[in-house]
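Visitor: Here is how the chains run, residue by residue.
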Amino acid sequence: MHEGKPRRKFHPVYLFLALPFACLLWVPLYNRIEPALFGIPFFYWYQMLWTVLGALCIVPVYFHEERRRK
Amino acid sequence: MNANPVSLTVFLVLFALVACLGFVATRWRKADLHSLHEWGLGGRSFGTLITWFLLGGDLYTAYTFIAVPALMFGAGATGFFAVPYTILMYPVLFLCFPRLWAVARKHGYVTAADFVRGRFGNRPLALAVALTGIVATIPYVALQLAGMQVVIAALGIPTKLGGIPNLPLIVAFLVLAAYTYVSGLRGTALTAVVKDVLIYITVLTAIIVIPAQLGGYEKVFSSINPKALLLTPGTSDNLGQGFAYASLAVGSLLALFLYPHSLTGLLSSASSMAIRRNAILLPIYSLALALLALLGYTAVAAGIKGMPEYASGFAAFGNNFAIPALFLHMFPPWFAGVAFAAIAIGALVPASIMAIASGNLFTRNIYKEFIAPGCSPAQEARAAKLASLALKLGALFFVLLFQTSYAIQLQLLGGIWICQTLPAVLIALYTRFFNPWGLLAGWAAGIAAGTAMAVQLGLKSSIYPLHVFGLTIPCYAALSALVLNIAVGFAISVILNATSNAPRRDETAAEDYV
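For the protein sequence lines, the chains are X and V, in the order given. So the first sequence is numbered by the numbering used here: it starts at 914 and just counts up by one. So the second sequence is numbered by the numbering used here: it starts at 59 and just counts up by one.
Excised from the complex, chain X in its bound form:
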């Protein structure tokens, strides 16, 4: 069996999945105290915010996938 599959074209919606990596792996971006939120330093609340944003980034890709399967 050979690898002659109909290659899926890259769709820009997949770039959403790269966003959390860019925003969390460049640590100097958020390794700071200010601005604090309710007394929580930036370092902590920024990353906690990304638990939600990270999930939201997957949503448009999910809908794209769902459309593609129909």
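Worth flagging that the hints you see were computed from the coordinates, not collected in a lab. No incorrect hints appear here.
Here are the in silico distance ranges between beta carbons for each label pair:
no.: 1; chain 1: V; residue 1: 524; chain 2: X; residue 2: 932; range: 26 to 32 Å
no.: 2; chain 1: V; residue 1: 549; chain 2: X; residue 2: 928; range: 28 to 34 Å
no.: 3; chain 1: V; residue 1: 273; chain 2: X; residue 2: 945; range: 21 to 27 Å
no.: 4; chain 1: V; residue 1: 154; chain 2: X; residue 2: 950; range: 30 to 36 Å
no.: 5; chain 1: V; residue 1: 232; chain 2: X; residue 2: 973; range: 44 to 50 Å
no.: 6; chain 1: X; residue 1: 982; chain 2: V; residue 2: 232; range: 41 to 47 Å
no.: 7; chain 1: V; residue 1: 370; chain 2: X; residue 2: 923; range: 57 to 63 Å
no.: 8; chain 1: V; residue 1: 527; chain 2: X; residue 2: 945; range: 26 to 32 Å
no.: 9; chain 1: V; residue 1: 370; chain 2: X; residue 2: 939; range: 42 to 48 Å
no.: 10; chain 1: V; residue 1: 133; chain 2: X; residue 2: 925; range: 37 to 43 Å
no.: 11; chain 1: X; residue 1: 951; chain 2: V; residue 2: 78; range: 38 to 44 Å
no.: 12; chain 1: X; residue 1: 951; chain 2: V; residue 2: 181; range: 55 to 61 Å
no.: 13; chain 1: V; residue 1: 281; chain 2: X; residue 2: 948; range: 17 to 23 Å
no.: 14; chain 1: X; residue 1: 927; chain 2: V; residue 2: 163; range: 19 to 25 Å
SDA-like, lysine to any residue: derived pairs with alpha carbons at most 25 Å apart:
no.: 15; chain 1: X; residue 1: 983; chain 2: V; residue 2: 102
no.: 16; chain 1: V; residue 1: 277; chain 2: X; residue 2: 958
no.: 17; chain 1: V; residue 1: 285; chain 2: X; residue 2: 946
no.: 18; chain 1: V; residue 1: 277; chain 2: X; residue 2: 948
no.: 19; chain 1: V; residue 1: 518; chain 2: V; residue 2: 503
Positions of the beta carbon are idealized from the N, C-alpha and C atoms, including for glycine.
Knowing the structure of chain X, use the given hints to seat chain V on it.
Guide: Chain V in isolation, oriented as in the chain X frame:
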């Protein structure tokens, strides 16, 4: 410490309830449990919701809930790496694992090594992947039992009942072993639901009640040593703690889904869309984990380390005692009972999945492959049940005979090892470029280099400083070993692909992956 009768009663009632549920599960979605497919994968029938509970119970273990806050308690900001790690694993889950699910469904693969065997037709490579999975899982199970030990001690249950040391742990373990043996993954999935409800109740209460009692998060953070609050920034000749932090997150997330227990959870879902939906829904656990991590700081602010009543606990378990002590100090006794039950059941669920997953690996990739190739489905299921039992016994003896620190060190090595199966499993989902012998050589190189780095660090840390042209790069050993692994695999594959015309034995086809 004396046992508080209220906490103890609440704990025992909840624990007994969950144990019963584990046995009742044989009747749930009734099927013939004498087949590995049914016993070890729940018949690949779980929808979005059950998969959510199962994977949540699987990935966020009791040990996580004790160790992550303990790391924050002891080391500060570095311990928070668990948060980016658990955020970033979901895009990877979304992209890669529906592919693996699809090809596994098509060909009836139960383990990652099954896939490797099918994709490359190379038995030594499949064996290497299977053995890595089993060896990496044993200390993981042992750590769950160790987490349970901490809770048992915090409840004040004497560790020596009727002259038998560790009797409570042995009893809890027997419960686990019995219901896993009888119900397989079904039992685990049902108990996972209860575990998660209890964990969420505990976490929400803890993060609202405890900081309020201490005067708000501002007070909590001001009691932390300012140096520990942030990572040490890099300098011109050292990339600093920030790089180590990011490399830990990436290395850990790559390792996580290669662990046999995560794959078992994923392959048991009924559709690839259920996996994709879970990539969106599972991050709720990451938020809970982040809030729990902050409890480590709350424990510092509460000053529990200086309290004489907890001194013996800290002496026995180190910083892992921080969260149980915080709960004892801050919660009324009945709620402390709920919280400890949540952690103890939180240990049962992943330990059970891990044992099932290793049982599957042993049966499919060692027993059936090398010992009894013609075995019937019933024999196959029996072998998996017995193997999972043996694995749990091994983990129990490990915890009873050795100090917890050995389990932690082996777990650290296990993470480095399991990461080295990535090229053969994940990269192979996308390309057939790699030659199986090249992958095997890369795997060996990665395991050797990763182990050497960890041993040089005295097995105390996994951040190995690499020196490149006068620049110090502190990097998670699993990740640097993986880079070497891929490089070796690539180089050998280039040579072998050019020189050998041995036919490829790939039983999968491109359309199986969609």
